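Visitor: FYI, the numbering for the sequence shown is 1 to 354, going by this note's numbering.
Don't read these hints as lab results, they were simulated from the structure. All values reported here derive from a predicted model rather than from experimental measurement. Each hint should be verified, as a subset may be incorrect.
Stated by the list, open to error - Derived lysine to any residue pairs resembling SDA-like cross-links, with alpha carbons at most 20 Å apart:
1. K6 x E20
2. K171 x T118
3. K171 x E234
4. K271 x L45
5. K27 x L45
6. K259 x T215
7. K337 x V121
8. K59 x N142
9. K228 x K259
10. K4 x R21
11. K310 x K224
12. K6 x V121
13. K4 x P24
14. K236 x E195
15. K34 x K337
16. K204 x G51
17. K94 x T118
18. K271 x K310
19. K314 x K259
20. K34 x E195
21. K15 x K310
22. K15 x L45
23. K224 x L212
24. K236 x K204
25. K310 x N142
26. K236 x L287
27. K94 x Y56
28. K271 x R191
29. K290 x S280
30. K34 x V9
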Amino acid sequence: MIGKMKTAVMLGIGKMGFEERDIPQIKEDEVLIKLEYVGICGSDLHYYERGTIGDYVVKPPFVLGHEPGGTVVEVGEKVKNLKVGDRVALEPGKTCGHCEFCRTGRYNLCPDVVFFATPPVDGVFQEYVAHEADLCFKLPDNVSTLEGALIEPLAVGFHAAIQGDAHLGQKAVVMGSGCIGLVSMMALKARGVSEVYVVDIMEKRLQKAMELGATGVINGAQDKVEEKINELTEGKGVDLVIETAGTEITTRQAINIAKKGSAIVLVGYSKTGEMTLPMSLVLDKELTLKSVFRYRHIYPMAIEAVSQGKVNLKGIVTDIFDLDDVQKAMDYSVNNKADIVKAVIRIGSGEEKR
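Please take these sequences and the hints and turn them into a complete structure.
Guide: What follows is the structure, encoded as C-alpha cells:
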C-alpha cells in the first residue's frame with residue numbers, strides 16, 4: 001500500500017505532536033496492519049514524563065505505544081496464516097531466533113530483541129504498522145480489536161501466574177491493582193486459583209478489582225495487610241503472591257504473608273531499582289522467588305481465555321482517547337493515576353467508544 005499516515009510523536013518530555021509518515025512497506029513474511037487500538041502502558045508514561053527507562057533514552061521525535069490491535073490490510077508473498085480482513089493482536093517483540101534463549105524457547109530473554117517503543121525502535125501510536133506475520137495472532141469473532149490491544153498486558157499476567165505455578169486449591173494475593181495487577185488477578189482466576197485477594201492503597205482500583213472477580217481486597221493505607229491475611233488464612237499465609245506494585249513496602253509485605261514453602265513472583269519494577277528485604281525470613285520460610293520479564297508463548301492462551309469469557313479485558317478500560325487527542329491522553333494519564341486503570345488510544349474507526 002502506497003500512501004501517508006498520521007503518526008503521533010513524542011517531541012520532548014511532556015510534549016506530543018504529529019508527523020505525516022509513509023505507510024510502511026511490508027516484507028514477504030510480514031503483514032500490514034491498520035491499527036484500531038493501542039493501549040497506553042506505564043512504560044509509555046515513564047518515557048513521556050522522564051525521557052528514559054534505565055539505559056533506554058528517548059531521542060525525539062519518538063513514537064510510543066506497544067499494545068496494538070487492528071486489521072490486516074495487506075499480506076506478504078510468503079504469509080500463509082493470515083489474510084486481508086483478519087483482526088489481530090500483535091506481539092510487539094521480534095527476536096533473533098538464533099541465540100541460546102531463542103533456541104531453548106525462552107525468547108523473551110533474547111538480548112537482540114526489537115521491541116515496539118523501546119528506544120531506538122519506534123512504537124505504534126500511528127495508523128499503520130508492518131509486522132512479522134508469525135507475531136500477529138488472529139482474533140476469534142467474539143474478541144474485539146480493543147481486547148486485542150490488551151492481550152499484551154494480559155500476557156504479562158499469565159506469564160506471572162505460570163511462573164508461580166498457579167493452580168486450583170490455592171489462596172493467592174496480588175500486590176497492586178493497576179492494569180498489570182488486575183490482569184494478573186484475572187489470570188490467576190482463569191487458571192483455577194480458588195481465592196485471590198488484591199492489595200492497593202487506591203480505593204477506585206480496589207473497587208475495579210472486586211468488579212473483575214477478586215475474592216476480596218485490602219486497602220493498605222487503612223488496614224495492616226499482614227494482619228488481614230493472617231485472619232483470612234488462620235495464620236498460615238498464602239500459597240502464592242504476585243507483586244506488581246514494585247515498591248519495597250509491598251515486597252516486604254509479600255514475604256511476610258507468604259506461607260512457608262510458597263512462591264513469590266516479582267513483576268513490578270521499583271523506581272530505584274534496589275530494595276532492602278528481610279532475606280533471613282525468605283530463608284526461614286524456604287520461599288521460591290521468581291521474576292517476570294515480559295512473556296513467552298502466551299498470546300494464544302490469553303486470546304482463548306478472553307474468547308471463553310474467563311477474562312474480562314474490556315472491564316479494565318476506564319478511558320478511551322482518539323489519536324488526535326494524544327496530548328490530552330498522555331497528560332490525563334499522568335495526572336490522574338488514582339482514577340485511571342487503563343487508558344487506550346483509538347485510531348481511525350475503532351468500534352468502542354467511552
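Visitor: Taking the hints in turn, state whether each one holds.
Guide: Verification of the hints:
1. K6 x E20: Holds - the C-alpha atoms of E20 and K6 are around 5 Å apart, at most 20 Å.
2. K171 x T118: Between K171 and T118 the Cα gap is close to 36 Å, so the pair fails against 20 Å, i.e. violated.
3. K171 x E234: Holds. K171 to E234 sits at ~12 Å (cutoff 20 Å).
4. K271 x L45: 13 Å, holds
5. K27 x L45: 31 Å, violated
6. K259 x T215: 18 Å, holds
7. K337 x V121: Judged against 20 Å, a Cα distance of about 27 Å means the pair is violated.
8. K59 x N142: The hint is violated at about 40 Å.
9. K228 x K259: Since the Cα atoms of K228 and K259 sit roughly 14 Å apart, the hinted pair holds (cutoff 20 Å).
10. K4 x R21: 5 Å, holds
11. K310 x K224: At roughly 31 Å apart (the allowed maximum being 20 Å), K224 and K310 break the hint.
12. K6 x V121: 18 Å, holds
13. K4 x P24: OK: K4 and P24 at ~9 Å, within 20 Å.
14. K236 x E195: This hinted pair holds, its Cα atoms lying about 14 Å apart.
15. K34 x K337: Violated, at about 29 Å.
16. K204 x G51: 29 Å, violated
17. K94 x T118: Since the Cα atoms of K94 and T118 sit roughly 12 Å apart, the hinted pair holds (cutoff 20 Å).
18. K271 x K310: 33 Å, violated
19. K314 x K259: Between K314 and K259 the Cα gap is close to 33 Å, so the pair fails against 20 Å, i.e. violated.
20. K34 x E195: 40 Å, violated
21. K15 x K310: Not satisfied, since the Cα-Cα distance of roughly 39 Å exceeds 20 Å.
22. K15 x L45: Between K15 and L45 the Cα gap is close to 12 Å, so the pair holds against 20 Å.
23. K224 x L212: 23 Å, violated
24. K236 x K204: 29 Å, violated
25. K310 x N142: 13 Å, holds
26. K236 x L287: 14 Å, holds
27. K94 x Y56: 17 Å, holds
28. K271 x R191: 30 Å, violated
29. K290 x S280: 17 Å, holds
30. K34 x V9: Distance ~18 Å between K34 and V9 Cα, so the pair holds.
The structure fails hints 2, 5, 7, 8, 11, 15, 16, 18, 19, 20, 21, 23, 24 and 28 (numbered hints given earlier, in ascending order).
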